[in-house]
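2 protein chains.
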Amino acid sequence: MTQTMKDMMLDMGKAAKAAAYSLANVSTEQKNMALLAAARSLRADKATILAANKKDMTSAKERGLDGAMLDRLLLDDQRIEGIAASLVAIAELPDPVGDVMAQWDRPNGLNISRVRVPLGVIGIIYESRPNVTSDAGALCLKSGNAAILRGGSESAKSSRAIHACLTQGLAEAGLSADCIQLIPTQDRSAVGELLGLAGYVDIIVPRGGKSLIERVQNDSRVPVMAHLDGVCHVYVDKDADLEKALAITLNAKMRRTGVCGAAETLLIDEAALNSHLPAIIDALKISGCELRGDKKIIPLDESIIPANGEDWDTEYLEAILSLKTVDGVDGAIQHIARHGSHHTDCIITENTETAEKFLCEVDSAIVMHNSSTQFADGGEFGMGAEIGISTGKIHARGPVGLEQLTSYKYQVRGNGQTRP
Amino acid sequence: MTQTMKDMMLDMGKAAKAAAYSLANVSTEQKNMALLAAARSLRADKATILAANKKDMTSAKERGLDGAMLDRLLLDDQRIEGIAASLVAIAELPDPVGDVMAQWDRPNGLNISRVRVPLGVIGIIYESRPNVTSDAGALCLKSGNAAILRGGSESAKSSRAIHACLTQGLAEAGLSADCIQLIPTQDRSAVGELLGLAGYVDIIVPRGGKSLIERVQNDSRVPVMAHLDGVCHVYVDKDADLEKALAITLNAKMRRTGVCGAAETLLIDEAALNSHLPAIIDALKISGCELRGDKKIIPLDESIIPANGEDWDTEYLEAILSLKTVDGVDGAIQHIARHGSHHTDCIITENTETAEKFLCEVDSAIVMHNSSTQFADGGEFGMGAEIGISTGKIHARGPVGLEQLTSYKYQVRGNGQTRP
Chain A
12 MTQTMKDMML DMGKAAKAAA YSLANVSTEQ KNMALLAAAR SLRADKATIL AANKKDMTSA
72 KERGLDGAML DRLLLDDQRI EGIAASLVAI AELPDPVGDV MAQWDRPNGL NISRVRVPLG
132 VIGIIYESRP NVTSDAGALC LKSGNAAILR GGSESAKSSR AIHACLTQGL AEAGLSADCI
192 QLIPTQDRSA VGELLGLAGY VDIIVPRGGK SLIERVQNDS RVPVMAHLDG VCHVYVDKDA
252 DLEKALAITL NAKMRRTGVC GAAETLLIDE AALNSHLPAI IDALKISGCE LRGDKKIIPL
312 DESIIPANGE DWDTEYLEAI LSLKTVDGVD GAIQHIARHG SHHTDCIITE NTETAEKFLC
372 EVDSAIVMHN SSTQFADGGE FGMGAEIGIS TGKIHARGPV GLEQLTSYKY QVRGNGQTRP
Chain B
12 MTQTMKDMML DMGKAAKAAA YSLANVSTEQ KNMALLAAAR SLRADKATIL AANKKDMTSA
72 KERGLDGAML DRLLLDDQRI EGIAASLVAI AELPDPVGDV MAQWDRPNGL NISRVRVPLG
132 VIGIIYESRP NVTSDAGALC LKSGNAAILR GGSESAKSSR AIHACLTQGL AEAGLSADCI
192 QLIPTQDRSA VGELLGLAGY VDIIVPRGGK SLIERVQNDS RVPVMAHLDG VCHVYVDKDA
252 DLEKALAITL NAKMRRTGVC GAAETLLIDE AALNSHLPAI IDALKISGCE LRGDKKIIPL
312 DESIIPANGE DWDTEYLEAI LSLKTVDGVD GAIQHIARHG SHHTDCIITE NTETAEKFLC
372 EVDSAIVMHN SSTQFADGGE FGMGAEIGIS TGKIHARGPV GLEQLTSYKY QVRGNGQTRP
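For the record, the sequence lines run as chains A and B. Adding 11 to a residue's 1-based position in the first sequence gives its number in our numbering. Adding 11 to a residue's 1-based position in the second sequence gives its number in our numbering.
By construction, these hints were calculated from the structure, which means they are not laboratory data. Hints are not guaranteed to be accurate.
Where chains are identical, the list cannot tell them apart; a pair therefore holds if satisfied intra-copy or between any two copies.
Unchecked claim - Taking lysine-lysine pairs in the DSSO-like style, the calculated list, with each CA pair at most 27 angstroms apart, reads:
id, residue 1, residue 2
1, K221, K25
2, K28, K221
3, K368, K28
4, K255, K368
Sequences and hints are given; from them, build the entire structure.
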């Protein structure tokens, strides 16, 4: 049985590699044709997809999944339309493949250009959101990469129905079905095999909860692009504009509490404890946020719960915010160095020098000045759709969009040059 | 004992991480000061280094190392001067850290810039060449990265003497000695521990023979930048200019046979078998190259040895060339797809369309038209010194110079923006 799974995954890896090799030189038009045909197929097959999703929902309820998970799993007319619209949007994005990133001449007359090429084969491991099947598959295709998708067991039937539409799109464009493969079994050992396919799979992108990311990062023999945590900070400096501090803190924490760019800790300059913090506390309280503060903050409001050591390292993903007093921007930078997750951190100040220090010294994928951490998103950055956010420093950092799913090659054009 | 090694390597990893954190914001001037002081120290301590090298050479001879290895190990006045000159040259290269790679405004007024930052901690594992201690340490320092160096046992004393000069340079510039650490033991288990330091070491660069690279790629928990093989091809098309074909083939194979960019296989268009190949064979024979050909080529010259299946996958690194007949550019592309190592491959033709097809479809780090594969080198590309060549597609491909030792962060500057 294990041997069978190994063989099956190896076959998928080989098929993906062969598909990737052809796909690298497919025209933008042909890739877009596949995406648009897949969108048409999704719209036409709504009933089939909804029926599959209903079965997934029934099993999920029987297994007692909570409301948030059920909501992530649920598809309806509007959501399917949204998935189809995303395919169209991805077709409209510029194709990064073939872009000349740089070009120069050498004194000996050699012309060198660095040209974008696809990475090859991308493995995507995700949980309950069935739309990832389509979004991730489409981003890989548009960037010229073959995809091997592994969806969560809860959404297996929905994902299969959506995948069938992608396959239909590929067929209509004359592309191999191996360009976007969905692992056809829910056997957990398939993930282990996928993570071991070094030489066939070029990169793994896990999307989901912390335990999934942790497992993938620990077990993978293939490089991984991901973020484990999003313990994002907002630092309110003594030179902060109070209105901006109020608006940004509230937005960074409460706009959506479940996204990775949501703020989890508010760092307050000790010199701003009395000038700024009381109004911020009031605003957060009114919005329904639970506050956990350090010793200097507790006296400011009776509703504040004492924070313990764990709070500084916790990604709540809920309407909870920890509040910590720090000694100016240096204290904020030190706290983030110790407790941050290299995701997104923001300073609020009117002092440009202080802001630049923060932007330089905080070692995170995204560092911000006077703006909400919830902008941590490829779409908000103008990159189009993203497949995720990476907090690692290798290959791509921050939002992972089409460009980040590429590598490059050097094309050297000569006229008979030999090396002395 | 194993526990002690684990602890020692963990301590080195932690020290490197702390050093990298400070180094990320050190000025170019201060880094250059350290490099120039190290160069002075190398020149001043020549006698000490030569004495250490003499001991390494004596042990190496006792252990029966061959002539090529002894030559790689040997230092003399001129070679030490060369190492010092490299340090000065690296000081003169532009500092990539802080470069704004791209910058744009969003409709909501957010200004986003993508800024180069160091990778963090780089582990370098190398063999007998003691100059790598200095070159690799200096490239890491200049790009703002902390280095953990692991030299070969044969060159241990030489490396230690050179490392002492780097440490002296760091001290004179007021930088921590932890910026460039040399593993102080030759115990092989240290390498295993280094490869397991994910979370402390950001990338591993192995430099040396195939068995070293293979071990590192198989065992590392940290991403690896390297090339395993350099099975480079020259394809002579029917539309090749004969003079160029002669000069380039000879140079690509024979200029230096031991470098990774040396050609190992000549692919000849079947339509050029009689028009081009005989003259090329003559030139290679005269230069002392052994030729191994396929069935169609053997009749052309009595000196040609029949190639067997293994020849197409062999990196000789010697004056041996395999010769294979292919069916035009498509045959060449197919052969390279099957037998190439994604390193450097060249087409010789006067037909631009054929050349462009080759440059697009051959999936190698460096693809060339009418120029010698021996240009596969960071210096020849105008990138300054290189730490190696990567054939992987993740992070960096081709020559790995200062820029390729960096990552980036996004700096977002706002004026109170919140996300709707």
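Here is what the structure says about each hint:
1. K221 <-> K25: between (30 angstroms within a copy, 24 angstroms between copies)
2. K28 <-> K221: between (29 angstroms within a copy, 24 angstroms between copies)
3. K368 <-> K28: Answer is between: at 20 angstroms across copies they meet the 27 angstroms cutoff, but 45 angstroms inside does not.
4. K255 <-> K368: For K255 and K368, the Cα distance is within 27 angstroms only inside one copy (19 angstroms; across copies 55 angstroms).
Comparing the model with each numbered hint stated earlier shows that all of them hold.
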